[in-house]
Amino acid sequence: MYLFKYVLKRIGLMLMTFFIITTICFVLVKMLPSLPAEQFGKDMALIMQRRELLGYNLPIMQQYARFWKYAFQGNFGISEVLYIGQDVWKVFVQKLPYTVAVNVYSILVSIPLGIGLGILAALKKNTWIDHFISTSVMIVVSVPSFIYAFLVQYILYFKLGWASATMDTSMGAFSWIGFKSMIPAILSMSFGTIAGFARYTRAELIEVLTSEFMLLARTKGLTKAQATIRHAMRNAMVPIFPMILGEFIYIMSGSLIIEQMFSIPGVGKLYVSSIQASPPDYNFFMLLSSFYTLIGLAAGIVIDISYSIIDPRIRMGAK
Amino acid sequence: MNEKDYQNIPEEKFRLANRTDKHDQKFDTKAVGYFGDAWNRFRKNKSSVVAACVIRILVLYAIIGPYCCNADYKAAYATDNTIMRYQYLLPKIKALEGTGIWDGTQVISVSENRYYRLLGQQEETGNKIIVDIVDKYTKDDIFRGRQTFYKLRIDSYGSCSAFEVTMTYAQYEQLQKWQDENNMQVIMPRTNVDIIGGDKNVWFQCDRKGNPVFDRNGNFISSYVQEGEDGYFSKMRLESDPYNKGDKTNAYRYAQRTGTAETGYNYVVRVNAYKYFQYRYGFEPSFIFGTDTHGYDIFSRLASGARFSFILAILVSVVNLSIGAVYGAIEGYYGGTIDLIMERISDILSGIPFMVVTVLFNLHLSGKVGTIPSLIYAFILTGWIGMASRVRMQFYRFKNQEYVLAARTLGASDWSIMFKHIFPNSLGTIITGSVMVIPGVIFEETSLTYLGIINLDSPVMSSVGSMLANGQSIMTAYPHIMMFPALFIALLEISFNLFGNGLRDAFNPSLRGTED
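In order, the protein sequences belong to chains S and W. Quick note on numbering: numbering that gives the first Met the number 0 labels position 74 of the first sequence as 73, and the sequence is numbered without any gaps. Quick note on numbering: numbering that gives the first Met the number 0 labels position 255 of the second sequence as 254, and the sequence is numbered without any gaps.
To be clear, the hints were calculated from the coordinates, so they are not data collected in a lab. Don't take every hint at face value.
The calculated DMTMM-like cross-link candidates involving lysine to aspartate or glutamate, where the alpha carbons are at most 25 Å apart (straight line), are [said to hold, decoys possible]: (1) S:Lys123 - W:Glu342; (2) W:Lys135 - W:Asp240; (3) S:Lys4 - W:Asp338; (4) W:Lys45 - S:Glu206; (5) S:Lys158 - W:Asp504; (6) S:Lys158 - W:Asp139; (7) W:Lys43 - S:Asp129; (8) W:Lys176 - W:Asp240; (9) S:Lys8 - W:Asp338; (10) S:Lys268 - W:Asp456; (11) S:Lys4 - W:Glu342; (12) S:Lys124 - W:Asp504; (13) S:Lys29 - W:Asp346; (14) S:Lys123 - S:Glu37; (15) W:Lys367 - S:Glu37; (16) S:Lys158 - W:Asp140; (17) S:Lys8 - W:Glu342; (18) S:Lys29 - S:Glu51; (19) S:Lys4 - W:Asp346; (20) W:Lys43 - S:Glu37; (21) W:Lys150 - W:Asp198; (22) S:Lys8 - W:Asp140; (23) S:Lys223 - S:Asp303; (24) W:Lys45 - S:Glu203; (25) W:Lys45 - S:Asp129.
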């Protein structure tokens with residue numbers, strides 16, 4: 000009951016924040032110069048008429064009200080600049096699988112590897128294995144992901160010729176061909192995540208391993224492996240599990256740079272081009288802004304709540 | 000005198016209770032202050048010290064580097080399009096010449112045709128282009144039959160050989176004068192223009208496929224324009240020029256006059272690129288990091304990008320530190336409703352995706368205040384939130400401690416409690432935080448310029464991100480264009496992270512005095 004109340008409160012606050020952010024985005028993007036450039040073969044009168052009908056000449060707040068009215072009916076409008084005449088929601092749904100695919104593959108590779116390396120380093124603390132893992136993790140965590148992308152592209156594609164440089168989208172996102180052509184992108188995204196998880200797991204596990212209940216576990220006769228798996232791991236997972244959950248929520252947001260470098264037709268690229276187009280593609284921009292904002296806010300709540308579910312000692316929002 | 004008068008007891012009535020002198024033992028050791036203690040702990044962390052040294056070198060590079068390029072060459076970025084001829088030069092250190100490492104050479108595979116043309120180029124210019132023939136092999140091709148290929152070590156500086164420059168007569172004369180003084184053949188005779196592709200390097204006769212034609216002795220047959228003396232040719236001549244033997248009617252033509260008498264004549268001159276460089280810029284071409292796709296010197300250009308990144312990062316971190324500190328202090332100190340409202344505001348600001356903030360600021364403001372200020376505003380708009388929450392945590396930790404109560408009892412104002420009493424205690428966290436902000440800002444800036452969302456490229460400056468983007472498309476043939484910016488950013492991020500970790504441990508009060 001207590002948790003339920005807390006969740007309700009958080010969701011209420013989230014909706015309020017969400018609403019304010021989308022309002023800011025809408026007002027800011029509407030303040031940009033919006034007239035398309037005159038071109039030979041463009042019927043400006045027709046364009047003006049369409050804009051009049053779409054309500055672009057109304058005051059901004061009235062337009063905003065219209066936006067929500069239609070959005071609640073599931074109509075996010077049509078694209079005006081990037082995919083002229085197409086329903087933005089449909090384009091968005093077409094592109095989302097690519098973003099999700101890259102991220103899911105990357106997570107599936109990197110979380111077990113990262114946690115495994117972290118456990119290994121923690122168990123072999125202060126041996127050469129630990130030093131090696133910790134040092135490489137330190138380096139890998141610091142280097143930006145696009146540097147790996149360069150390296151992976153250069154080595155795997157140009158030097159060895161094992162993988163393709165860009166993604167093959169002919170068979171869709173979750174096909175074997177798609178996966179194969181995505182390998183460089185997946186690899187370059189994974190490095191940072193692996194290192195992040197390894198570092199975090201090592202720090203957590205080392206702290207748990209030195210605590211007193213571990214001594215008790217060994218004293219009552221458990222072997223080191225039993226004690227580690229049954230006691231140390233479970234306690235170390237308390238802060239790690241929300242991290243994993245967060246990763247899974249963020250799979251939808253994707254990495255802009257990786258998408259750009261490996262020509263993955265995902266939503267990240269769409270977002271930037273929607274706002275950089277002139278005039279900006281309002282409907283895409285609003286849809287994607289709402290989407291990203293919602294994901295960011297929801298992730299915060301889910302992570303917070305998962306803390307209190309996984310560890311009853313933690314009572315979120317308690318005074 | 001009243002015995003009960005305790006107010007004015009005369010001095011002589013006092014007597015020492017114990018005649019042996021009692022003093023506090025004097026401290027033999029020097030007192031270690033807060034920063035001294037942190038410094039002691041920081042010094043013991045070897046990796047952080049190394050990282051600090053690396054950062055110092057990088058900063059020094061960013062300060063000095065932009066001036067390391069020859070001033071004439073740099074001035075030519077904006078005005079002279081001939082620098083395009085010196086694009087893709089490989090990194091070269093003079094001292095390593097001939098070693099095969101970092102000497103401007105590269106092993107590439109070329110077809111037989113290209114091999115002979117390079118030989119021809121080498122013969123004409125006298126530059127050493129083919130340093131070494133590594134391998135010769137044949138390959139069967141379905142359409143063209145057996146083909147011969149050569150694996151050559153090629154000097155990139157020699158292989159940018161000849162191009163045409165249009166100049167006025169005064170410039171032409173000046174060039175000739177320089178030529179005579181330095182005894183270097185810069186001006187090359189004009190060639191017949193119908194040679195394939197308009198390649199100005201081809202001075203010999205070729206067949207229709209572009210293969211050089213040889214005479215009976217296996218020498219190239221020249222195809223220079225031989226129209227004799229006409230008043231504007233070079234005083235210095237090639238050895239093979241018939242003029243040297245007194246044959247004036249068949250002498251090589253060294254320039255072509257264009258334009259009319261009214262508009263003034265221009266002279267199109269074919270020049271030896273390597274020597275023309277020396278004439279034009281006054282030094283032998285040698286770039287320690289090579290040149291990029293536009294012919295810009297990578298060493299100084301990267302340094303200018305680095306300087307921009309550092310200035311931006313430091314500026315942003317200082318401003319964010321000040322805003323965040325005040326905001327977080329107010330939040331943390333007053334708490335309650337004020338805290339709740341202020342937290343919501345920062346929640347909302349941090350909820351707006353950063354990419355949107357930058358793009359919108361760029362579109363709205365860059366026309367009015369310029370690209371760089373609008374970028375700074377974008378960083379400041381949401382950048383202080385992290386600092387504010389850090390300061391807020393510190394204030395929550397310290398505000399109920401006894402010394403704060405004591406200060407309040409003595410009548411200190413809220414403001415002086417916040418910034419005189421609590422703030423210095425959270426200084427360590429704040430310093431660490433602001434150091435960690437720097438690599439973050441540089442990373443964001445690099446990503447933005449790499450994606451082309453912010454474009455700072457101009458002849459006078461560049462950014463690390465746009466240099467990366469510049470090199471990416473030709474990564475296969477010229478990896479050096481991308482490698483140096485990538486190396487710089489990687490080194491910078493690693494060392495800042497190590498340095499930040501060291502600082503965090505040094506300022507961590509729980510580690511204080513544990514290692515002595």
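Hint by hint, which ones does the structure fall short of? Checked against the structure, the hints that fail are numbers 1, 2, 5, 14, 20, 22 and 23, while the rest are satisfied.
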